[in-house]
Each structure stands twice: as C-alpha cells, then as structure tokens.
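Yeah, the sequence shown ends on 212 if you go by numbering that gives the first Met the number 0, and it's all consecutive.
Be aware that a few hints might be false.
Said to hold, decoys possible - What follows is a set of in silico ranges between Cβ atoms, one per label pair, in the way DEER data are often shown:
1. 182 x 123: 27 to 35 angstroms
2. 155 x 196: 31 to 39 angstroms
3. 157 x 123: 30 to 38 angstroms
4. 207 x 141: 25 to 33 angstroms
5. 123 x 156: 30 to 38 angstroms
6. 157 x 125: 29 to 37 angstroms
7. 157 x 128: 16 to 24 angstroms
8. 205 x 157: 31 to 39 angstroms
Keep in mind that the hints were calculated from the coordinates and are not lab data.
Every residue, glycine too, gets a C-beta built ideally from N, C-alpha and C.
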Amino acid sequence: MAQRFVPGIRLAPLVVLCGYLLPSITSAYDPSEAPRSTLRTYTPAPAAPSPTDCPSPFHCDHCWSLRQGDQAPLSQHQAPRFKRSHHERGPRPHKNPFAKTSRGHGGLRSLPRQFLSIGGFARSVESWQVRTVDGDTIRYGTDRIRIRGYNAPELSEPGGREAALRLGQLMQQGAIDIVPHGHDVYGRTLADVYVNGQNVADVMMGEGFGRRG
Numbered sequence: 000m001a002q003r004f005v006p007g008i009r010l011a012p013l014v015v016l017c018g019y020l021l022p023s024i025t026s027a028y029d030p031s032e033a034p035r036s037t038l039r040t041y042t043p044a045p046a047a048p049s050p051t052d053c054p055s056p057f058h059c060d061h062c063w064s065l066r067q068g069d070q071a072p073l074s075q076h077q078a079p080r081f082k083r084s085h086h087e088r089g090p091r092p093h094k095n096p097f098a099k100t101s102r103g104h105g106g107l108r109s110l111p112r113q114f115l116s117i118g119g120f121a122r123s124v125e126s127w128q129v130r131t132v133d134g135d136t137i138r139y140g141t142d143r144i145r146i147r148g149y150n151a152p153e154l155s156e157p158g159g160r161e162a163a164l165r166l167g168q169l170m171q172q173g174a175i176d177i178v179p180h181g182h183d184v185y186g187r188t189l190a191d192v193y194v195n196g197q198n199v200a201d202v203m204m205g206e207g208f209g210r211r212g
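With the hints as constraints, model all of the structure from the sequences given.
Have a look at this one:
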C-alpha cells in the first residue's frame with residue numbers, strides 16, 4: 000500500500016526551528032551600534048525676519064529704501080538776506096563808478112603856478128605813452144615835443160646818444176606833465192616837461208647833458 004505525502008508534516012519542524020532562533024536574533028541587533036553615515040544632512044536655513052522686525056531703517060541690502068516711519072520731512076532752506084547800512088549804498092546815481100578819474104591839474108600841484116595858464120592846456124601822460132627822439136625832443140602820439148630850457152647835442156654829435164639815453168631814462172621814472180607853449184619854426188610843440196614834479200631841463204643841464212638855450 001503506498002504512503003500518502005502530507006506537506007504540513009515536513010514543514011512543522013522548520014517552523015519550530017524559526018520560532019526558536021528569531022528571538023535570539025532580534026535581541027542581538029542593537030540599532031544604536033549601527034555605523035553612522037559621514038554624509039551631511041540638509042538643514043533648511045532659518046526664515047529671514049520680516050521688515051517690521053528688522054532694527055535697521057533699510058529693508059535689505061538691495062532696496063536701500065527708508066521705512067515709512069523713518070522718513071523725515073526736508074526742511075525748506077532760505078537764503079539769508081542782508082540789509083545794507085546807510086554807508087554801504089555805494090556812489091550816488093549821478094556818479095559813474097566805472098569812469099576813469101581824470102588827473103587834470105591835480106598831477107601838476109608841484110609845478111610852478113605860472114605854467115598852468117601859459118600857452119595852452121597842460122597834459123599829464125604815462126611814461127609808456129612817450130618815446131624819446133633825441134636828447135631834447137620826445138614824441139607823444141603824433142606830436143613831436145621840443146623840451147624848452149636847454150639844448151642837447153644832436154645824435155650825430157659827440158655826447159648826443161648819451162643825452163638821448165639819459166632823457167629816455169628820465170621819461171620812465173614816473174608820471175610826465177607837459178605844459179605846451181606854442182610851436183617852433185619846425186612845427187614842433189614847445190613845452191616844459193616835468194617828471195615827478197622835477198623840470199627835465201634842469202636835470203639834464205645839472206648832469207651835463209645839455210646847455211641852457
């Protein structure tokens with residue numbers, strides 16, 4: 000008679016064996032003793048504070064705008080106004096502040112009084128307006144002026160160039176006052192010439208550059 004196969008009879012010893020070994024395996028495993036990973040875990044960044052919690056008056060590093068409560072109104076600037084005193088009103092309206100003051104006879108105070116009313120109008124000129132012709136003649140503009148009171152040698156005569164050089168030096172030493180007295184036979188203006196109040200004829204004769212004539 001053949002023996003019938005029953006599957007449950009053979010599986011029973013295996014089940015008994017697993018039930019015996021499973022408790023020992025689970026008790027031997029400790030999760031705390033498992034090897035730890037060296038990889039860093041992701042930690043989210045903390046949330047940025049809101050604009051109202053930020054102690055700075057700026058919202059962030061990019062906007063640079065003031066908060067509404069920190070905006071102060073701009074003050075209105077007014078330029079100071081100065082009042083001029085009574086003595087700071089400047090010249091009177093009938094006087095031109097840009098007009099050149101004419102010396103007139105003011106520069107001739109050191110001249111002899113009789114020269115101011117003889118033979119025409121006395122003129123006061125600057126040294127750069129006068130050119131030396133020879134030892135006793137100068138040129139003012141288009142006028143050739145023969146200095147009265149002395150005669151100097153001509154340029155072609157001995158001492159003529161020295162006299163002309165000395166006269167040119169005198170003309171550069173200060174203001175020149177010319178008192179005309181008519182004309183000579185050559186059409187030149189005869190005049191007494193003064194430099195810084197000194198008579199040019201007296202200076203030239205005193206230094207030996209001319210003789211009275």
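Hints and how they fare:
1. 182 x 123: 27 to 35 angstroms: Distance hint for residue 182, residue 123 is violated at roughly 21 angstroms.
2. 155 x 196: 31 to 39 angstroms: holds, 33 angstroms
3. 157 x 123: 30 to 38 angstroms: Since residue 157 and residue 123 have Cβ atoms about 35 angstroms apart, the given range 30 to 38 angstroms holds.
4. 207 x 141: 25 to 33 angstroms: holds, 32 angstroms
5. 123 x 156: 30 to 38 angstroms: Check passed, 32 angstroms falls within 30 to 38 angstroms.
6. 157 x 125: 29 to 37 angstroms: Since the Cβ atoms of residue 157 and residue 125 sit about 33 angstroms apart, the hinted range of 29 to 37 angstroms holds.
7. 157 x 128: 16 to 24 angstroms: violated, 31 angstroms
8. 205 x 157: 31 to 39 angstroms: violated, 20 angstroms
Hints 1, 7 and 8 from the earlier list are contradicted by this structure; the remaining hints agree with it.
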